[in-house]
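Listed below are the residues making up each chain.
Number of protein chains: 2
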Amino acid sequence: DIADEIEAFFLKDAAGPLSHRRVLVTAGPTVEPIDPVRFIANRSSGKQGYAIAAALRNLGADVTLVTGPTNEKPPAGINVVRVQTAREMMSASEAALPFDCAVCCAAVADYRPEIETPHKIKKERGGLTDIPLTENPDILKTLSKMTEGRPRLVIGFAAETDDVLGHAEAKRNRKGCDWIVANDVSPGEHCAMGGERNTVILITEDGDEEWPEMSKGEVARKLADRIAGALKGPALVKAAE
Amino acid sequence: DIADEIEAFFLKDAAGPLSHRRVLVTAGPTVEPIDPVRFIANRSSGKQGYAIAAALRNLGADVTLVTGPTNEKPPAGINVVRVQTAREMMSASEAALPFDCAVCCAAVADYRPEIETPHKIKKERGGLTDIPLTENPDILKTLSKMTEGRPRLVIGFAAETDDVLGHAEAKRNRKGCDWIVANDVSPGEHCAMGGERNTVILITEDGDEEWPEMSKGEVARKLADRIAGALKGPALVKAAE
Chain V
74 DIADEIEAFF LKDAAGPLSH RRVLVTAGPT VEPIDPVRFI ANRSSGKQGY
124 AIAAALRNLG ADVTLVTGPT NEKPPAGINV VRVQTAREMM SASEAALPFD
174 CAVCCAAVAD YRPEIETPHK IKKERGGLTD IPLTENPDIL KTLSKMTEGR
224 PRLVIGFAAE TDDVLGHAEA KRNRKGCDWI VANDVSPGEH CAMGGERNTV
274 ILITEDGDEE WPEMSKGEVA RKLADRIAGA LKGPALVKAA E
Chain L
74 DIADEIEAFF LKDAAGPLSH RRVLVTAGPT VEPIDPVRFI ANRSSGKQGY
124 AIAAALRNLG ADVTLVTGPT NEKPPAGINV VRVQTAREMM SASEAALPFD
174 CAVCCAAVAD YRPEIETPHK IKKERGGLTD IPLTENPDIL KTLSKMTEGR
224 PRLVIGFAAE TDDVLGHAEA KRNRKGCDWI VANDVSPGEH CAMGGERNTV
274 ILITEDGDEE WPEMSKGEVA RKLADRIAGA LKGPALVKAA E
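Going down the list, the sequences are from chains V and L. Positions 74 to 314 (the working numbering) are the ones given, in order, by the first sequence. Positions 74 to 314 (the working numbering) are the ones given, in order, by the second sequence.
These aren't lab readings, by the way, just hints derived from the structure by calculation. Check the hints yourself; a few may be wrong.
Since the list gives no way to pick one copy over another, a pair counts as held whenever it fits inside one copy or between any two copies.
What the hints assert, rightly or not - Cut-off 25 Å, straight-line C-alpha distance, at most; resulting in silico cross-link-like pairs (PhoX-like, lysine-lysine): (1) K146 x K193; (2) K146 x K295; (3) K196 x K218; (4) K195 x K218; (5) K196 x K214.
As the structure is a prediction and not an experimental result, all values here were calculated from the model.
Could you put together the complete structure from these sequences and hints?
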């Protein structure tokens with residue numbers, strides 16, 4: 074919108090705390106085709122990721138947003154790369170390296186159909202009895218475990234429906250990322266998925282920090298401030314073992 | 074939008090050719106959950122169905138729109154029922170009977186995961202190797218084969234990627250519907266899926282009629298006119314054998 078354009082215009086040349094820092098943000102779902110009309114996807118509006126991209130831009134960062142299909146308008150003044158599948162998101166993210174920080178907010182499908190059928194599968198020809206799956210590339214893990222040119226700060230997101238903190242802490246260790254932003258996406262009235270508000274736990278090397286419920290814009294600004302602080306301070310872990 | 078509201082306001086009490094006719098329009102995709110975050114769906118923007126609902130309203134019809142999740146704003150002055158799954162779409166359509174005409178434009182998933190897992194399936198716990206599927210209810214066929222209270226005119230849509238006419242004619246026979254609106258959804262620059270334009274073939278008891286490429290609004294107006302003509306004329310087949 075106009076307000077965003079104006080914000081981008083005035084902030085572009087400002088010497089914000091993240092100026093000259095390159096940041097990758099992935100956002101939205103990935104869409105994994107079964108055939109030309111059917112697909113598997115994850116629920117993700119892209120709102121939180123787009124808000125983070127805008128907040129980082131507002132602190133002066135040079136932002137690349139690699140995004141699956143969403144209905145959100147990308148913030149002005151950032152590089153936007155649109156993708157469909159996890160494999161495309163992986164390639165686009167790697168192609169845009171190097172980054173000082175990677176914020177992996179996208180709800181990447183862990184699996185895709187083993188075979189993508191080029192023609193619509195017809196029910197009357199036997200149809201589909203099951204969809205064999207194969208694992209997708211793991212973008213967060215790949216970036217976290219880079220041995221050369223690893224972003225100084227790699228941040229993952231964990232959307233969980235049970236034992237949020239336990240699963241999120243395990244994910245941080247397993248992926249090798251620096252921080253995890255965890256949230257509960259159990260279905261319900263206040264579900265973050267698709268909504269405007271979010272209640273997150275930030276998990277860093279220093280422990281867990283529960284943030285109160287706030288708008289996705291506020292989560293984004295608070296996270297961007299923390300990123301600016303981390304990139305200003307002493308160098309973080311450069312590469313996972 | 075405002076223009077649509079004004080159109081609806083002025084048309085509401087007008088004695089259009091479809092006034093006092095009840096019409097069902099189904100639109101959009103259905104979304105079939107695998108777990109709280111993953112789902113299977115069909116590609117469908119809902120644009121064609123929403124345009125048809127508006128065009129029928131403009132001819133005075135009492136329209137019920139049963140719609141899967143889309144980004145389209147529903148036309149003013151019609152009854153809107155929002156659903157997620159094929160089973161919900163079936164129930165909502167049956168609950169709103171009787172209708173003079175049913176326009177089954179939704180891209181209903183033929184299949185759904187056999188089991189919907191209430192918690193997010195974790196990759197590290199063995200994850201997913203395949204998704205066993207089960208057949209969804211067939212809304213078009215169910216309405217077409219009603220032995221009592223069948224809508225006088227039941228219209229199906231056939232989105233095909235190859236042998237469009239052959240598949241669509243076979244679909245008309247198999248489902249027992251009166252008309253089929255067929256289109257080619259092969260991926261490509263001019264793909265109807267998600268786009269603003271459409272090239273369709275109308276298949277009726279009288280044969281096939283290829284319409285030139287036009288906007289989805291124009292397809293909707295032309296189809297609404299044909300529906301008005303059909304419902305004015307002598308009674309059509311009331312029930313399939």
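Hint by hint, here is what the structure shows:
{"no.": "1", "hint": "K146 x K193", "verdict": "neither (31 Å within a copy, 29 Å between copies)"}
{"no.": "2", "hint": "K146 x K295", "verdict": "within (21 Å within a copy, 33 Å between copies)"}
{"no.": "3", "hint": "K196 x K218", "verdict": "between (43 Å within a copy, 19 Å between copies)"}
{"no.": "4", "hint": "K195 x K218", "verdict": "between (42 Å within a copy, 21 Å between copies)"}
{"no.": "5", "hint": "K196 x K214", "verdict": "between (38 Å within a copy, 13 Å between copies)"}
Against the hints set out earlier in the document, a violation occurs for number 1 only.
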